[in-house]
Amino acid sequence: MFQRIVTSKRMPFSIYWRMFNFWPALRGTGMRVTRVSRDWTELDIRLKLNWRTRNYVGTIFGGSIYAAADPFYMVMILRQIGDDYVVWDKSARITFKRPGTTTLYAKFRVPAEEVAELKAIADRENQLDRTYSIDLKDADGRVYATVDKVIYVARKDWFKARQARRAERSLS
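Counting in my numbering, the sequence shown runs from 1 upward without gaps.
Please keep in mind that the hints were generated in silico from the structure rather than gathered at the bench. Fair warning: there could be bad hints in the mix.
Straight-line Cα separation of at most 27 Å, DSSO-like style, residue types lysine-lysine; simulated pairs [as the list claims (entries may be wrong)]:
1. K137 to K107
2. K48 to K137
3. K107 to K160
4. K107 to K97
5. K119 to K48
Label pairs and their computed distance ranges (CB to CB) [as the list claims (entries may be wrong)]:
6. G58 to T131: 43 to 51 Å
7. T131 to R18: 51 to 59 Å
8. D148 to Y56: 50 to 58 Å
9. K90 to R165: 42 to 50 Å
Note that the coordinates shown come from a computational prediction; the quantities given were computed from them, not determined experimentally. From the three backbone atoms N, C-alpha and C, an ideal C-beta is built for every residue, glycine too.
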């Protein structure tokens with residue numbers, strides 16, 4: 001039910017993006033979405049060091065750092081690209097640079113031109129993988145962690161046909 005509400009395209013924009021902060025999977029990380037542009041090309045988050053995010057040695061849990069960066073590239077592309085495409089998180093890697101001892105921030109950017117390029121490649125080649133990197137930084141700009149996300153994009157008709165072929169092969 002909650003996911004249906006969050007993914008509704010009829011919901012007023014101001015309510016929609018604020019719902020991220022109540023989504024249980026994200027709320028538990030201690031992360032908060034602080035800004036989303038109306039066209040979904042920009043999204044900012046904040047991850048505070050507090051009793052919910054503090055690990056045994058007093059720094060931010062690595063899982064909270066990763067979870068704070070997890071869904072946003074996929075969601076931003078999905079909201080921009082349209083219903084004729086499939087968008088998935090395919091893989092991820094996190095590189096910790098220093099222990100998280102303060103509030104961390106990240107600024108996700110996926111310009112409309114990037115999404116147009118993804119569409120063009122998917123239309124031409126049916127599917128593609130694109131890697132995005134996001135740095136989690138303190139207020140002074142020091143990087144504490146870098147998360148690399150591989151996003152998979154495919155034409156929906158091609159993807160569904162491929163899934164059907166796979167299902168047929170597994171039955172035979």
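These are the hints, each one checked on the structure:
Proximity of K137 to K107 is assessed by CA-CA distance (about 9 Å); at most 27 Å being required, the pair is judged to hold. For the suggested pair K48 and K137, the alpha carbons sit about 11 Å apart, so the restraint of at most 27 Å is met. A hinted pair counts as satisfied when its Cα atoms are at most 27 Å apart, and K107 with K160 does not qualify at roughly 33 Å. A hinted pair counts as satisfied when its Cα atoms are at most 27 Å apart, and K107 with K97 qualifies at roughly 18 Å.
Restraint check for K119 and K48: the C-alpha separation of about 36 Å exceeds 27 Å, so the hint is violated. Between G58 and T131 the beta carbon distance is about 32 Å. The supplied range of 43 to 51 Å is therefore violated. Taking the beta carbon of each, T131 and R18 are about 29 Å apart, not inside 51 to 59 Å as hinted. Hint check: D148 to Y56, Cβ distance near 26 Å, so the stated range 50 to 58 Å is violated.
Taken as a hint, the range 42 to 50 Å is violated for the pair K90 and R165, whose Cβ atoms sit roughly 20 Å apart.
Of the numbered hints stated above, those contradicted by the structure are hints 3, 5, 6, 7, 8, 9, listed in ascending order.
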